[in-house]
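Put chain X on the given structure of chain G with help from the hints.
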Amino acid sequence: MVKPATTKDDAHALFYSLRSAYSATPTNLKIIDLYVVFAVFTALIQVAYMAIVGSFPFNSFLSGVLSCVGTAVLAVCLRIQVNKENKEFKDLPPERAFADFVLCNLVLHLVIMNFLG
Amino acid sequence: MRYMIILSVADLIVKSNIANSQLFSSYLTSMLSKQHSGRRLFTVALTLSAGALTISRFRISSTADQIRKILFRSQFIEFDQLIEFGMAIKVGIVVVLLAVASICEAVAIFHPISESHLSAALELFSPVAGSFSSLEEAYEALRTFEVLGIEKKPDIKDDTCNSVVDTLSSMSSNSRDLYHALQVNGLLKCKTSKDALTGITSRLKDAVKDATSLLDYYHSIGGLLLIKDQSSEVDVLLKNADGILRSIKALSQSDGRWRYSANNPESSTYAAGLAFETLSGVIQLAASTIDENLIGTLKKDIVKLFDSIEKYDDGSYYFDDKHIDSSGHQGPLSATAAVVRGLTTFASTSESLNIPEDKILGLARFFLGIGVPGNSKDLYYQIDSLSHLENNRVSVPLILSIPATVLSLTSKDKFKVKVNTVLGSIAPPLSVKLMQVFSSGSKDGSVLKQELHFDPKEAIHMLDALPEGVDIGEYVFAFEIVLSDPEHKRKFATGGRTKVPVHVTGVVKVDDAKVAVLEGDIVESEKKLDLPGKNDLALSANHLQKLHLSFLLTTPFGKPFKPHQALLKLRHETGVEHIFVVENSGRHFETTLDFLGLVDKFFYLSGQYDIELTVGDAVMENSFLQPLGSIELDLPKAPEKATQPPPQAVNPYLRYGPKAEIAHIFRAPEKRPPQEVSFAFLGLVLVPFLAFLVGLLRLGVNLKNFPTSTIPAAFAILFHSGIAAVLLLYVLFWLKLDLFTTLKTLGLIGIFLMFVGHRTLSHLASASAKLKSA
Chain G
1 MVKPATTKDD AHALFYSLRS AYSATPTNLK IIDLYVVFAV FTALIQVAYM AIVGSFPFNS
61 FLSGVLSCVG TAVLAVCLRI QVNKENKEFK DLPPERAFAD FVLCNLVLHL VIMNFLG
Chain X
1 MRYMIILSVA DLIVKSNIAN SQLFSSYLTS MLSKQHSGRR LFTVALTLSA GALTISRFRI
61 SSTADQIRKI LFRSQFIEFD QLIEFGMAIK VGIVVVLLAV ASICEAVAIF HPISESHLSA
121 ALELFSPVAG SFSSLEEAYE ALRTFEVLGI EKKPDIKDDT CNSVVDTLSS MSSNSRDLYH
181 ALQVNGLLKC KTSKDALTGI TSRLKDAVKD ATSLLDYYHS IGGLLLIKDQ SSEVDVLLKN
241 ADGILRSIKA LSQSDGRWRY SANNPESSTY AAGLAFETLS GVIQLAASTI DENLIGTLKK
301 DIVKLFDSIE KYDDGSYYFD DKHIDSSGHQ GPLSATAAVV RGLTTFASTS ESLNIPEDKI
361 LGLARFFLGI GVPGNSKDLY YQIDSLSHLE NNRVSVPLIL SIPATVLSLT SKDKFKVKVN
421 TVLGSIAPPL SVKLMQVFSS GSKDGSVLKQ ELHFDPKEAI HMLDALPEGV DIGEYVFAFE
481 IVLSDPEHKR KFATGGRTKV PVHVTGVVKV DDAKVAVLEG DIVESEKKLD LPGKNDLALS
541 ANHLQKLHLS FLLTTPFGKP FKPHQALLKL RHETGVEHIF VVENSGRHFE TTLDFLGLVD
601 KFFYLSGQYD IELTVGDAVM ENSFLQPLGS IELDLPKAPE KATQPPPQAV NPYLRYGPKA
661 EIAHIFRAPE KRPPQEVSFA FLGLVLVPFL AFLVGLLRLG VNLKNFPTST IPAAFAILFH
721 SGIAAVLLLY VLFWLKLDLF TTLKTLGLIG IFLMFVGHRT LSHLASASAK LKSA
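As you go down the protein sequences, you meet chains G and X in turn. The first sequence maps to residues 1 to 117 in our numbering. The second sequence maps to residues 1 to 774 in our numbering.
So here's chain G without its partners, still in its complex pose:
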């Protein structure tokens, strides 16, 4: 007897296929993904903290959250540029992308530090 395809089974199948596809990505991209996840989690924890204690030094909260979000965004840009499968950035050497990433991060963090108060 064949069981009818339930949504639960579909979800499982989707999840497994995603997982196997993902393990095929190159390591450096996985590092970048991990970095992005780390940044986002940090932002979420900060938001939760603010939700609990109130937003009194609002500038500090903003600067913290924006630092996380900004660096995550820059990391995503780096991932796009470094990804070998991306035809658009074929001619861009990854070191150059990395240098941009570092520079932009430094500028972002200068602004963040100023705004932190």
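Certain hints may be false.
Said to hold, decoys possible - Derived DSS-like pairs: lysine-lysine, alpha-carbon spacing no greater than 25 Å straight-line:
no., chain 1, residue 1, chain 2, residue 2
1, X, 704, G, 84
2, X, 194, X, 249
3, X, 559, X, 414
4, X, 189, X, 209
5, G, 84, X, 772
6, X, 772, G, 30
7, X, 205, X, 249
8, G, 90, X, 191
9, G, 87, X, 300
10, X, 416, X, 377
11, X, 770, G, 90
12, X, 311, X, 489
13, G, 30, X, 704
14, G, 87, X, 770
15, X, 770, X, 704
16, G, 84, X, 770
17, X, 559, X, 443
By construction, these hints were calculated from the structure, which means they are not laboratory data. Small disclaimer: the values here were computed from a predicted structure and weren't measured.
Below, chain X alone, put in the same frame as chain G:
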């Protein structure tokens, strides 16, 4: 319209200086008897009284009487409220004021020189830094001290003497300096050598020969005269006395004034005074007798000068210099002082100078009328002139002064009169007679010829008993001085009749005082009052009733008395006040307050009113302002359109007093979360970082691509350390640095980092390219 006429007449009178405002006051009295708008008339009366007083031009020495008159006038301000009540009172008071003002023409008191002049002299003439600034000032100070009998300090004497001797011996001094030095020398008697004086004499004689202006003559002749007094050995006599007199006389003018020099057309009375002094000096220094006719013409010149004498209404005469001349002397004081000096020195050289004695007395009164001057020059002029008048050969003025012008009937004061010379010395034997007594408001007084009793111990003339009929009030006493020795009549100036104002005060009896509340005409409640003692009434009335107050006032002699103020004041508890005048008929004073008619005036305010009675006058010794108690008034309610009571004045002490203190409320600090929560979250935030590191390890990160050969390795290390340095800089920036230093350092590190990073990354890129191609 008539108001304008009155004002213009007043203006005219003030301008033309008509002393007799009699006509004027009689016009006004007739005017006042007609009905006029009260307020306008009141202001007119004030203007006139002010004008009349300006005419009589009182000065400082008029003492308490002047002050009292000013008080009289200021009390009139309160009369503003009384304007609506009683024309009769107004008319009476105004007429009295005018009459008093008109009598005030020749009524003033002069006092001879007293202790206050001594203390003023000591204060004004105190030398700065131990010596006087010039010999002229030194002379003024020393002369004043000499006349007043003040001892000179020896150290000042030495200083001044040194200066005198220096001036006398120096060849560059002109006749002016020599004159002042000789003046001081005459007072201080410094040691001067005969040779010095002889030398000076010859210089001064030359100066006399070469003199062209009045001042040259004045200084040189004056100097020669002083040398004559100081040393009998030196020959100072002038040969050409006639010629000198004629050349000085050439400077005279027809109106009696003198010019300073032939070229300068300016003339002044001061110069005339100097000229007289110089002329008398020439006469004294003449080697041969002078032509009598010349002296006669000079005497005529002096008499002509006296035609320009001016007069104040209190009997003082003075000379005024209308133009300021080149030497800077100005004002009546210096001009009159110069004329007095010249006159008396001239009179000392020759007999029979025909100046009427009332003018001499008038000049003395002018100087005494100044009181105590405020600066040293004026004091010198005053004292010097008075000392000249004290011993002059024309006539010596005698001053009648009254130590106290207020007599009290209750303490049975005796009226005292003093007669002295101008400097306060004892007069020759004489008797003082009280000739007439004018009561205020009348020009005719009772004629007496009562002689005053002389007390030789205190040198005071006393009136044993006041004349009959002198009750409390204001009077003018007219005195005459009669010299015992008929010879003295020519020598002394007594001035005919001297009028002095006198106030006689006494206790006024208040009798039969009672207050009653009337219903129609029937007395509801009546209470006797004890005036002027304390009373505490507690009445009550409604608007249909009346309040009636009455009392009797009698003088010590039993005559009816009308005080200056007889006022009844009702004061509401809110502070609104109403004042009513208590009218009189003879000695009976009464007032009736009909509340029905006053309801509107009281602003319909019911409640408790405090009653106060004021009866007062200048000559009433027991004037009183007594609270009588209170009355509870029941007035009907105010209708819609009733006037509101005037707002009461805020207590000024409350308005400008300290206000309530404001405590600054600081902004409450924001609520901060408890520290444990914050630390917990700090830990929580670090968790993703740890998770990241763990994840990196799980992914299998390695440092395989790290360059191994030295130089690239060094660069790589520098690259990482550069990034670390920037991050450290950021931490420092957050902790304590400011933006500018941060940016500066960041710039430096950034340049380094760029260079190093470029090297490292290009090396890496070339390495991976090699790998790809390989």
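Going through the hints against the structure:
no. : hint          : verdict
1   : X/704 / G/84  : holds, 20 Å
2   : X/194 / X/249 : violated, 33 Å
3   : X/559 / X/414 : holds, 22 Å
4   : X/189 / X/209 : violated, 28 Å
5   : G/84 / X/772  : holds, 13 Å
6   : X/772 / G/30  : holds, 22 Å
7   : X/205 / X/249 : holds, 19 Å
8   : G/90 / X/191  : violated, 128 Å
9   : G/87 / X/300  : violated, 140 Å
10  : X/416 / X/377 : violated, 34 Å
11  : X/770 / G/90  : holds, 17 Å
12  : X/311 / X/489 : holds, 24 Å
13  : G/30 / X/704  : holds, 17 Å
14  : G/87 / X/770  : holds, 22 Å
15  : X/770 / X/704 : holds, 16 Å
16  : G/84 / X/770  : holds, 17 Å
17  : X/559 / X/443 : holds, 21 Å
Going down the numbered hints, you'll see the structure goes against 2, 4, 8, 9, 10, while the others check out.
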